[in-house]
Amino acid sequence: MQKFVKIAVVCAITAAILAVSVPALGAKAVHGAGATFPEPIYAVWMYKYNQLTGVQVDYQGIGSSGGIRQIKARTVDFGGSDAPLKGPEVREAGLIQFPMVIGGVVPICNIKGVEAGQLKFTPEVLAGVFSGDISYWDDEAIVALNPGVALPNEPITVVHRAEGSGTTWIFTNYLDKVSASWHEKIGTGKVVPWPVGVGAKGNPGVANYVQRVNGSIGYVEYAYAVQNNLPYVMLQNQAGKYVGPSMESFQAAAANADWANTDNYYLVLTDQPGDGSWPIVGATFILLYAEQDDAGKAMEMLKFFDWCYEHGADMAVEKDYVPIPKNVADMVRKTWTDEIRVAGAPVWK
Amino acid sequence: MVERYAIAPGAPGNASRDQSRPDAIFKWLTAGCSMVVILIMAGILFELVRNSGMALKEFGFSFLTSDAWNPGMGEFGAASSVYGTLVSTAIAMVIAVPLSIIIAVFLVEVARPRVSRFIGGAIELLAAVPSIIYGMWGLFVFAALMQNHVQPFLGNRLGALPLFQGPPMGIGMLTAGLILALMVLPFITAVTRDVLMMVPPVLKESAHGVGSTMWEAVRFVSLKYGRRGIVGAVFLGFGRALGETMAVTFVIGNSHRISASLFSAGNTIASSLANEFNEASEPIYLSSLFALALVLFGITLAFQTIAHHWVARMQRIEAGDR
Numbered sequence: 442m443q444k445f446v447k448i449a450v451v452c453a454i455t456a457a458i459l460a461v462s463v464p465a466l467g468a469k470a471v472h473g474a475g476a477t478f479p480e481p482i483y484a485v486w487m488y489k490y491n492q493l494t495g496v497q498v499d500y501q502g503i504g505s506s507g508g509i510r511q512i513k514a515r516t517v518d519f520g521g522s523d524a525p526l527k528g529p530e531v532r533e534a535g536l537i538q539f540p541m542v543i544g545g546v547v548p549i550c551n552i553k554g555v556e557a558g559q560l561k562f563t564p565e566v567l568a569g570v571f572s573g574d575i576s577y578w579d580d581e582a583i584v585a586l587n588p589g590v591a592l593p594n595e596p597i598t599v600v601h602r603a604e605g606s607g608t609t610w611i612f613t614n615y616l617d618k619v620s621a622s623w624h625e626k627i628g629t630g631k632v633v634p635w636p637v638g639v640g641a642k643g644n645p646g647v648a649n650y651v652q653r654v655n656g657s658i659g660y661v662e663y664a665y666a667v668q669n670n671l672p673y674v675m676l677q678n679q680a681g682k683y684v685g686p687s688m689e690s691f692q693a694a695a696a697n698a699d700w701a702n703t704d705n706y707y708l709v710l711t712d713q714p715g716d717g718s719w720p721i722v723g724a725t726f727i728l729l730y731a732e733q734d735d736a737g738k739a740m741e742m743l744k745f746f747d748w749c750y751e752h753g754a755d756m757a758v759e760k761d762y763v764p765i766p767k768n769v770a771d772m773v774r775k776t777w778t779d780e781i782r783v784a785g786a787p788v789w790k
Numbered sequence: 006m007v008e009r010y011a012i013a014p015g016a017p018g019n020a021s022r023d024q025s026r027p028d029a030i031f032k033w034l035t036a037g038c039s040m041v042v043i044l045i046m047a048g049i050l051f052e053l054v055r056n057s058g059m060a061l062k063e064f065g066f067s068f069l070t071s072d073a074w075n076p077g078m079g080e081f082g083a084a085s086s087v088y089g090t091l092v093s094t095a096i097a098m099v100i101a102v103p104l105s106i107i108i109a110v111f112l113v114e115v116a117r118p119r120v121s122r123f124i125g126g127a128i129e130l131l132a133a134v135p136s137i138i139y140g141m142w143g144l145f146v147f148a149a150l151m152q153n154h155v156q157p158f159l160g161n162r163l164g165a166l167p168l169f170q171g172p173p174m175g176i177g178m179l180t181a182g183l184i185l186a187l188m189v190l191p192f193i194t195a196v197t198r199d200v201l202m203m204v205p206p207v208l209k210e211s212a213h214g215v216g217s218t219m220w221e222a223v224r225f226v227s228l229k230y231g232r233r234g235i236v237g238a239v240f241l242g243f244g245r246a247l248g249e250t251m252a253v254t255f256v257i258g259n260s261h262r263i264s265a266s267l268f269s270a271g272n273t274i275a276s277s278l279a280n281e282f283n284e285a286s287e288p289i290y291l292s293s294l295f296a297l298a299l300v301l302f303g304i305t306l307a308f309q310t311i312a313h314h315w316v317a318r319m320q321r322i323e324a325g326d327r
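Here the protein sequences come in this chain order: L and Z. Residues in the first sequence are numbered from 442 upward in steps of one, following our numbering. Residues in the second sequence are numbered from 6 upward in steps of one, following our numbering.
Since the hints were derived computationally from the structure, they do not count as laboratory data. Hints are supplied without guarantee of correctness; some may be wrong.
As the list claims (entries may be wrong) - DSBU-like mimics (lysine-lysine), calculated; alpha carbons at most 30 Å apart, straight line:
| id | chain 1 | residue 1 | chain 2 | residue 2 |
| --- | --- | --- | --- | --- |
| 1 | L | Lys-527 | L | Lys-553 |
| 2 | L | Lys-790 | L | Lys-767 |
| 3 | L | Lys-561 | L | Lys-527 |
| 4 | L | Lys-513 | Z | Lys-62 |
| 5 | L | Lys-489 | L | Lys-682 |
| 6 | L | Lys-626 | Z | Lys-32 |
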């Protein structure tokens, strides 16, 4: 009798566990990986979306190059990259690409006694520092731009990314545009041959190194500068005005974006005109296969992105990202309708 | 069948008992299991060679001598990673080997049993700490210590040497080497301690009997008797330092450059693989990383062989002595 009771209890518990877990198994989890640049906002969106709908979307920040590689290897359902792929490359791989959110890349520094926004750089000086031509904080070129700031006679330690990174791509794309010698020697890339400095992994790694090393300078997505309370550097934009990173200056740069005339949304927003424009702004992109295997999962994934466009703007602004404008979101939805197929039938109608 | 294996009473090794079959099974079973090791080894080597073929064909021997590492332009060379691997390991060994041997001597020859047990236990615990913990501690605590105290001190006193020039960043080759030293120390110490404990007490007693000091007994009896085992312990630590990944990646600074200064950032083969393998999107990039792994495999094999021959030679010389 006792044995029977035991068995009955075990059965009941098992049944209860199954009853609870089966719906969870039924709901499809969506996995993504890629850029660390948008990770802070993706994390917020995914958490909120999960609370509202119970759908699990997860995202691993492994760097943009990693995102591209993982989606091409089909180990994830979608990839994230800040460096947009060119239209033909997107088509060739059978992917579609669309922008998710816009953010700013910000030089951050750690010099004793220097606070956020105290230091001003021209594009030439910024390129000089990151290429190693300017190697001391009290270099004439820096001092001339910053009268009244006490700059120490300390060597500059450049902190860059150790792995393939879309943040690096946006940053070097800007330096490439504004400095002839940068263009000649280093160029644009997710990984570039840095002449000086130390490499750190991910946006969090760069923020961490800059925080630890006296006299260092690095570049991160703005959210990481805010989170870690790291002093940013003011930059001179194309109009010749010094601006600081902020929602407004990112928006001013993003206002120039002409998404309608792009091939697979390939658009770079660095060095934009306008008095208030922050010069190093970029969109971050989602990559997914046009030909999906599983209609249910594809639908869950698109519903999430749709929700982000529709309801994610306020959360994005709170984290200092610029949301994608409504008309662009509608363009993206049309792209989904036109291109995403499961066994030849459209998924998003 | 059962009767065949039954031992006939009072007749061990009875002719009627056929041992050849179970012995053969046993032999093949053990041999088969050992073959797994060879197969895995061969499989790894095969995969490394196969995948690195493209890079080796493209760059040839210059892969080893070039320090260019520019994924954007498709240029790859192993020199900076090989240099970093060897230098960081060398720093670790220079510090860890003497220290480990001294600690082991203390534990076996000097310390009272209770003290010895306590410190011995602590060392074994140290060996069990996962390397990521060393990495985090290295970055958050040790790097700050290096930056604020050790590196400025070295820079002021020995700044004339190219080894100690450059800004004190806290992270870099020297920090990586020191962390590695801490990580291999427990391994070398533990094995050396066991080796010293195997020295027959009668030898030590006779050394003391003829009036040796403690140092002389250690120097001429214990260390000499155990030197083959100690060399083995050193190479065990060496192997670990060579391939250590996470802790080094945290503190070495990850830059593909060769610099004379130990303060500057560098990289090792293992740290490059850890950083870059995940996102190597072009085939030649991936192939070059495989080639790097092959180089590490080669370095490990080379040092293993050297260690093996060295121990064998010591054995021959000792045999000749007698």
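The hints, checked one at a time:
no.	hint	verdict
1	Lys-527/L - Lys-553/L	violated, 42 Å
2	Lys-790/L - Lys-767/L	holds, 18 Å
3	Lys-561/L - Lys-527/L	violated, 34 Å
4	Lys-513/L - Lys-62/Z	holds, 25 Å
5	Lys-489/L - Lys-682/L	violated, 38 Å
6	Lys-626/L - Lys-32/Z	violated, 64 Å
Violation of the numbered hints given earlier is confined to hints 1, 3, 5, 6; the remaining hints are satisfied by the structure.
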